[in-house]
Amino acid sequence: MKHLVTVSTLETNEILEILDSAENYRTNKQGWKPEEKMFVANLFFEASTRTRCSFEMAEQQLGLTTIPFEVTTSSVQKGETLYDTIETLASIGVQSVVIRHPQDRYYEALQEKVSIPIINAGDGCGQHPTQCLLDLLTIRQEFGSFKGLKVAIVGDLRHSRVARSNAEMLTKLGATVYFAGPEEWKDEENRHGTYLDIDEAIETVDVVMLLRIQFERHEENTSELAQNYHSRFGLTVERERKMKSHSIILHPAPVNRGVEIADELVECERSRIFKQMQNGVYIRMAVLARALQPIERGLNNDNNYQKCYMVK
Amino acid sequence: MKHLVTVSTLETNEILEILDSAENYRTNKQGWKPEEKMFVANLFFEASTRTRCSFEMAEQQLGLTTIPFEVTTSSVQKGETLYDTIETLASIGVQSVVIRHPQDRYYEALQEKVSIPIINAGDGCGQHPTQCLLDLLTIRQEFGSFKGLKVAIVGDLRHSRVARSNAEMLTKLGATVYFAGPEEWKDEENRHGTYLDIDEAIETVDVVMLLRIQFERHEENTSELAQNYHSRFGLTVERERKMKSHSIILHPAPVNRGVEIADELVECERSRIFKQMQNGVYIRMAVLARALQPIERGLNNDNNYQKCYMVK
Amino acid sequence: MKHLVTVSTLETNEILEILDSAENYRTNKQGWKPEEKMFVANLFFEASTRTRCSFEMAEQQLGLTTIPFEVTTSSVQKGETLYDTIETLASIGVQSVVIRHPQDRYYEALQEKVSIPIINAGDGCGQHPTQCLLDLLTIRQEFGSFKGLKVAIVGDLRHSRVARSNAEMLTKLGATVYFAGPEEWKDEENRHGTYLDIDEAIETVDVVMLLRIQFERHEENTSELAQNYHSRFGLTVERERKMKSHSIILHPAPVNRGVEIADELVECERSRIFKQMQNGVYIRMAVLARALQPIERGLNNDNNYQKCYMVK
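Protein chains in written order, with the numbering used here: chain A, 1 to 312; chain B, 1 to 312; chain C, 1 to 312.
This is chain A alone, in the form it adopts within the complex (with noise of 0.2 Å):
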């Protein structure tokens, strides 16, 4: 069954399958749509515009339908288990769910038992597989391939989605992988990158990845974190002048502006941020595709309920 549930486990040729097949929705408007009505549902245990929205308009561009679900209004309510809630929109007929949820790695015992295919939208401070793969997508769109391009991610290393799958993904592609941000934020389990300076990093690299600052994970007094953030960490408008005349800036947003970066650098000629953002609806047509694909060809669409376990 065709999961996503982290890029970790994908193969590189899986990958670039990935951005193959989006690019190919990108550019050409084309690409397996189903040929009969296919059902998804989105399962957001988290607050999130950006990538529900954007699952949303690749489930429409693909022609899917999706069931409605809010966790608010949901037996989740009545502490039903997310197996069992996969399971039961399994059972109404429903193809495969999108699910982001606070809980790290809630996918690990569901994989092996569910009977459709999840796609992993954000778990914790785990995995984002399709923001990766946008990411990939991106930079890939920016120089051709990823062979020798450096890349800085710059924040807050230690509670990003982001900064380790891409970290990782990055180097198996062959890129160099450079991080900077402040001492507390520190990823010392990262071992796919070598710490910089912010300002020697910016001056190095071909891409400037920032990573968001979770306000809403943080305890301490923001206001203060966010001025001193934005001088010693942030993505000034001075020290944009210092990037080489090629490099781009990635922010996987909601981006907190005057803080990770300027106010004004958001929509400037190196921001591929809105850019980012178009690609992420490719990039989940792609993955919408990889996992429905085969069930409209028959090789998981075994939904015979009621399934039978034999008790003894």
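By construction, these hints were calculated from the structure, which means they are not laboratory data. Where is the CB? At the ideal position from N, CA and C, for every residue including glycine. There's no promise every hint is true.
A short list of chain C residues far from chain B (calculated; beta carbon distances all over 10 Å) [as the list claims (entries may be wrong)]: (1) Thr-49; (2) Gln-60; (3) Arg-105; (4) Asp-187; (5) His-192; (6) Thr-204; (7) His-246; (8) Lys-275.
DSBU-like mimics (lysine-lysine), calculated; alpha carbons at most 35 Å apart, straight line [as the list claims (entries may be wrong)]: (9) C/Lys-29 to B/Lys-37; (10) C/Lys-2 to A/Lys-33; (11) B/Lys-33 to A/Lys-29; (12) A/Lys-150 to A/Lys-29; (13) A/Lys-29 to C/Lys-113; (14) B/Lys-244 to A/Lys-113; (15) A/Lys-33 to B/Lys-37; (16) C/Lys-33 to B/Lys-33; (17) A/Lys-37 to B/Lys-33; (18) C/Lys-150 to C/Lys-113; (19) A/Lys-2 to A/Lys-172; (20) C/Lys-172 to C/Lys-244; (21) C/Lys-29 to A/Lys-29; (22) B/Lys-29 to A/Lys-37.
Fit chains B and C to the supplied structure of chain A, relying on the hints for placement.
Just chains B and C now, kept in the frame of chain A:
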């Protein structure tokens, strides 16, 4: 107008017609679908995954257009009556409403006044007609008819929306109904069955219909209740072994695993729990078709607003 | 770009064009529909049944695809600005946004900057242009034109989104406007009408336009307010008898029955309250068509993200 607010007011032949229509949607993938766009809205004033998603799926399968309606973002927050909400929806073109509401018999004052059919998706501790109908469909698929069948309804009989309607309908259709469960949850007003000891009931019947303990409606110490309940009245692995070889298990779900039923029995060979959910979609298609078909034929499509009550 | 943020900036001929377009959708079931999929999103930061469902219905009737957006589950929770939310939606392919927001004139800073048209579905105590337009449509259907008509606007003039725009537009179109209501709710800034005693107003005019008391925005003892209000300023059964034979009643709804209007008058022969709701769908179709048609023709469909503001 083809409201469906309770099963009690349905004639036997009407019940069988709905079951036949549902079976037709299921097996032949055939049955009525509207020729032009038709519009419905789902008004859920209480949490629900199964019922709500099941109606959404049924609507999509029929090719209906669902106008989103969220209680939390609606004028219900401004104190609007249910009647005015329904007539508002009718006036903008909604042709039928599916309603779940915490108030028993919320539909009583409404059904004579509103201008579009109401499909009751559950009222307080009252009725849940589509649940009853999907239970009947699941039983008929197994045994071909209801005559002579023995059915045990087990659990919180007093607070269950399902118990009363099911007992009444099964009796009407020729089955014999037994009840089992805690003394304090007996429903003295329900005269369509006989109380039996849980173990005797389990060994006797063709269908063991478990009820959900609605922890959210009880005040007792729930973990104590849960533990005692399973050994005293739950379907344990031991009890399951004493069921007749052909007997089946039903549960309206969401299941409290390890309480009403042992965890490992939820998906056992006898269980029709996920089958019930699947049947739920077909039943809802049948019920929606029953409400909307006459409107399509113009039979009550006279939404000639402004309605003109003369004032003397 | 064809924003619709206020009616005040519309020329008379633009107003009449929108009314004609709406009438065309209503009577001939004709008018513009997009040839390919087009995408909109509804951003409701305040409760609303009527307006929201009406826009959803208008979108469905036009064959648009609505991308679901719920404030409670969005990044607005993470402090994202409205501008960034809109540009995010634009970058994933949304082509117009419908916005209701509690802040007066939220659109002012936005309308010059965003890359897709905004349709204002109500801002604080400010504007509600589609409500104004549907009121105008309902009046024109009745009387053919506005010249020489007398209209009374009755009630909470100071807090009403409707009163100011309607008075201004009706005056512009040739009608004479009167106001009536409690002293403390007079709106001294509104110079498009003359204050009259309630009983005099009722007997004089062709259209009695009642305003909703927004109990949720007042602090007084509301039941006392309600009772006094009805006898002092409400449309009682007695007052209705003194209306001219051809006069009609409007109310933007939701109605507080027995307060602004006697319960039994809500659906009386003179009432156009549900007719207004019906017209609301056609007005919104016209307004959406006005925003989207130029985009379909490629006139502002240059969503060429990344937008490139040069940074010196």
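Each hint tested on the structure:
1. Thr-49: violated (4 Å)
2. Gln-60: Per Cβ check, C/Gln-60 is inside 10 Å of chain B; nearest 5 Å; violated.
3. Arg-105: holds (22 Å)
4. Asp-187: holds (22 Å)
5. His-192: holds (27 Å)
6. Thr-204: holds (20 Å)
7. His-246: holds (14 Å)
8. Lys-275: Given that some Cβ of chain B is not farther than 10 Å from that of C/Lys-275, nearest at about 5 Å, it is violated.
9. C/Lys-29 to B/Lys-37: OK: C/Lys-29 and B/Lys-37 at ~13 Å, within 35 Å.
10. C/Lys-2 to A/Lys-33: holds (33 Å)
11. B/Lys-33 to A/Lys-29: Satisfied, since the Cα-Cα distance of roughly 31 Å is no more than 35 Å.
12. A/Lys-150 to A/Lys-29: holds (31 Å)
13. A/Lys-29 to C/Lys-113: holds (29 Å)
14. B/Lys-244 to A/Lys-113: With a Cα-Cα distance of about 29 Å, the restraint between B/Lys-244 and A/Lys-113 holds, given a limit of 35 Å.
15. A/Lys-33 to B/Lys-37: Cα-Cα ~23 Å, so holds.
16. C/Lys-33 to B/Lys-33: holds (24 Å)
17. A/Lys-37 to B/Lys-33: holds (15 Å)
18. C/Lys-150 to C/Lys-113: Answer violated: C/Lys-150 to C/Lys-113 is near 40 Å, above 35 Å.
19. A/Lys-2 to A/Lys-172: Since the Cα atoms of A/Lys-2 and A/Lys-172 sit roughly 21 Å apart, the hinted pair holds (cutoff 35 Å).
20. C/Lys-172 to C/Lys-244: It holds: about 24 Å lies between the C-alpha atoms, which stays within 35 Å.
21. C/Lys-29 to A/Lys-29: Holds, because 32 Å separates the two Cα atoms, which is no more than 35 Å.
22. B/Lys-29 to A/Lys-37: Answer holds: B/Lys-29 to A/Lys-37 is near 13 Å, not above 35 Å.
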